[in-house]
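What follows is each chain in one-letter form.
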Amino acid sequence: MMIEDVSAWLVWVLPLIASLFVPLIGKYSAKARDYFVIAIASVTAALALSLVPGVIFGDGQAKIATISWISGLDAGVYIDPLAVLFTSLVAFFGLIITIYSLGYMKGEEGLTRYNYLLLLFIGSMIGLVLSDNLIQMFIFWEMVGLCSYSLISFWYKRPESVKAGTKVFIMTRIGDISLLAAIGILFTMFGTFSFRGIIDGIVLGGFDPELMVVVAFLVLGGAIAKSAQLPLFTWLYSAMEAPTSVSALLHAATMVKAGIYLLARFILIFSVAPVIIEALHPLWFPIVAWIGVLTAIIGASLALTTTDIKGVLAYSTISQIGFMMAGLGAAVEGAASVGWFSSLFHMISHAFFEGLGFLLAGGIIHAIGTRDMRLMGGLKKAMPISFILMAIMIITTSGLPPFAAFFSKGLVITSVTETGNLIQTILLYATAAITFAYSIRMFSLVFMGKESEHIQKQHVHESSKIMLIPAMVLAAFCIIWGISQPLIANFMHFELEHTLIGAFTSLETPIFLLLLLPTGLIAYYTYYKNNQTFRRVAAGKNPLTTMLNHAFFFDDVYNSIARGISKFSDGVRHFENTISVFPLKFGQSVVRIANVVHLYFDTKAYNSLDKLINGLSNTTLTGVSKMRKAPSASLRNYIAASVVGFIIIAVLIILTLGV
Amino acid sequence: MDFVILSLVMMVIGIYGLLTNRQLIKVFISVELIAIAATLNFVMLASAMGVGLGQAFLILAFSTDTAISGVILALLVVVSKKYGTSDIGKILQTIKDKDESEVEA
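For the protein sequence lines, the chains are A and B, in the order given. Going by this note's numbering, the residue at position 590 of the first sequence is 594; the numbering climbs one at a time, nothing skipped. Going by this note's numbering, the residue at position 43 of the second sequence is 46; the numbering climbs one at a time, nothing skipped.
No wet-lab data here; the hints were simulated from the structure. A quick note: this is a predicted structure, and the numbers were derived from the prediction, not measured. Relax, there's no trap hidden among the hints.
27 angstroms max Cα-Cα, derived DSS-like pairs, lysine-lysine:
#1 B:LYS101 x A:LYS161
#2 A:LYS589 x B:LYS29
#3 A:LYS167 x B:LYS101
#4 B:LYS101 x A:LYS571
Model the full structure from these sequences, guided by the hints.
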């Protein structure tokens, strides 16, 4: 009990604190820094592992340990099966990637910065999934975004990397605002940020189910941006400018899985009250499912055309996360439905095969120095181990039995079928078929056929051991993971009715495999056998290829929106410039009028006025001098004048006062 | 309520400044205006609710804001020294020209 509490704290505090020491140690010695990072990642993985027994033997309820943070808000950890599942995944992948980076990033500049950000990334993602309140979760949510931004534009001297990083930052920011709004509404409703407090508030009642639907939609907005779903999925393809090890971490465990975690967590919270789940039925669940299904098929079809080897994997991730969203959308009975579990189960198996794919792609890029698949081909001879591992990867991705994705993807499709939505089911089957096609395409273009000129020119060698061993570990998990389905259900304290044998014997399996055949054959003939007719169709210009080459015009629309905004602001600026001229113009005209008036008086009116005034003063002066010359003792005149004046005043008084 | 309107007005002015100005320093001032509007909202609502949380966050916001301002100002100095101008349009044009010349080369 005590150990568990401590390790739940340490598992995210340790990487965060240790990340601060990376620059210090890096100054001392590069080798010590690398070992330090791997040691910290191992300890983190061990700490995450130590949380597992408590969950398996626990009752499936959440355990909370808090300390006071700011008045009115406690920081804490929230230990439940969902959180521990994610924690273990992130810590495990953190270890895999730090080891892999040792080989992949060898000799790069700025490795101290890289390792620092890597540890920060791992620590903040674990912090995110273990947070016990929304504020703490939001802080880590932003930190994950910041770390992915910095790591994607790790090669900051390349303009594409910087642009990609900025794009990621801006696009995910849209979702962050949405999530913040949801947190605000929840706080006004329940007066607390903590998950336990919100759950208690829901149990007590006194909330508005319709407002909860609004909250659910805002949360969905946050998840869409973070997990690269329709319509904000384009950032994930741009994020391929990152070092491949970062892409692997980003896809398998940290960044894009945060959205799935968020939705799974909120469905878990909403499941406390059936009222909320019912309120979510008419709109929310169908929309989640549709977003998932459409993203799945769009992502898969885009993976068919891209020539970038990492691009295929990126679109593959988008498509597989679409599957997870579809599973969450099929969780119409809350966290007790198969959809919820299948989504999480597929999340883990996706982490294994996509992580494996990225590790292998990294090795290939490292060996031949390009990401363009048109320049590859015939790598089978030069890289035999990568060849075998990649075969395992594409079998798992396509969902062939008995590897991991067969069970997980099958479970997702089953859960969607059980909701009774036929169109969604058909679309998911179609997506699975396209998945098979693009896997074969990538495999054939990279490993099969004749060696290309680009490869013949250089001496291609197999990846180093330090890069292959993590990949082998992941490949082993790809093979055995599917069988662990009952164990995971037990771990999650989830009562799963679907058994492993049921997956083989059900009617869906033969349908699924039959559907894979046609697309698989087309891809096989086009890219493996190099059938020229098919090739010409694929390379030709028709509406479909135009659509695919432009990624369904999503980025073009966003660009035109951005251009519209900047044009608008330019317009406002011009308007402001015109407006701000008016006071100046007004002042200028006043000055001009004054000038004119002044001139007028100066030149034309001056003379006449002068004459008038001069004449007046002259006359006065003459009068005065004349008066001075008059005899001074004419007393009679004065007396006469005074008498006249007196008489006038007297008459006036009599007239006015009537005396 | 008056303070909400005040902070709203400040934010609108800030957004307007962001949209219309092309001088880096003016853009920075606009950003700061928006940040201050948000902080004002924080402390106003906290005092209205009588919870200490808002004030606590205010201190946090102030200190981070100051640190961020320092970093941004340093960046502005570097950028304007590097490009010889602090006009965003001119800087973007320089970068674009450089990109194009690199592509041609």
